[in-house]
Amino acid sequence: MPTHIRAILTVIVLIVTGAAYALREVIGLQSSPLLIFGLGVGMAISLWLFPEPRKEKPTRR
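In this text, residue positions in the sequence shown follow my numbering: the first is 1301, and each later residue adds one.
What the hints contain is simulated information worked out from the structure, not anything from laboratory work.
Incorrect hints may appear among the rest.
[To be verified] Just the calculated beta-carbon pair ranges, DEER-fashion:
1. TYR1321 / THR1359: 43 to 53 Å
2. HIS1304 / PRO1353: 48 to 58 Å
3. SER1332 / ARG1354: 31 to 41 Å
4. GLY1318 / PRO1353: 40 to 50 Å
5. THR1359 / LEU1329: 20 to 30 Å
6. PRO1358 / THR1303: 41 to 51 Å
7. LEU1323 / ARG1360: 51 to 61 Å
8. GLY1328 / LEU1349: 10 to 20 Å
9. LEU1347 / ALA1322: 16 to 26 Å
10. PRO1302 / ILE1327: 25 to 35 Å
11. ARG1360 / LEU1339: 41 to 51 Å
12. SER1331 / THR1359: 47 to 57 Å
13. ALA1322 / THR1359: 51 to 61 Å
Ideal Cβ positions, reconstructed from N, Cα and C, are used throughout, including at glycine.
Please put together the full structure from these sequences, using the hints given.
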């Protein structure tokens, strides 16, 4: 995945995480604020940490 797409996805994930964190009472989430924050940051880090799977070319024999 190109770097600029990863950066855009990271920003989107962090914005959604911030919105869920700020609006958790309004939307009825009774979970821990640290859980919401941790999951969002974990998703953003995983975009950069784990490589994208690629198809292997078949080898000729």
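Now for the hints, and whether the structure bears them out:
| no. | hint | verdict |
| --- | --- | --- |
| 1 | TYR1321 / THR1359: 43 to 53 Å | 49 Å, holds |
| 2 | HIS1304 / PRO1353: 48 to 58 Å | 20 Å, violated |
| 3 | SER1332 / ARG1354: 31 to 41 Å | 37 Å, holds |
| 4 | GLY1318 / PRO1353: 40 to 50 Å | 29 Å, violated |
| 5 | THR1359 / LEU1329: 20 to 30 Å | 50 Å, violated |
| 6 | PRO1358 / THR1303: 41 to 51 Å | 29 Å, violated |
| 7 | LEU1323 / ARG1360: 51 to 61 Å | 56 Å, holds |
| 8 | GLY1328 / LEU1349: 10 to 20 Å | 32 Å, violated |
| 9 | LEU1347 / ALA1322: 16 to 26 Å | 22 Å, holds |
| 10 | PRO1302 / ILE1327: 25 to 35 Å | 33 Å, holds |
| 11 | ARG1360 / LEU1339: 41 to 51 Å | 45 Å, holds |
| 12 | SER1331 / THR1359: 47 to 57 Å | 49 Å, holds |
| 13 | ALA1322 / THR1359: 51 to 61 Å | 52 Å, holds |
The structure shown violates the earlier hints numbered 2, 4, 5, 6 and 8.
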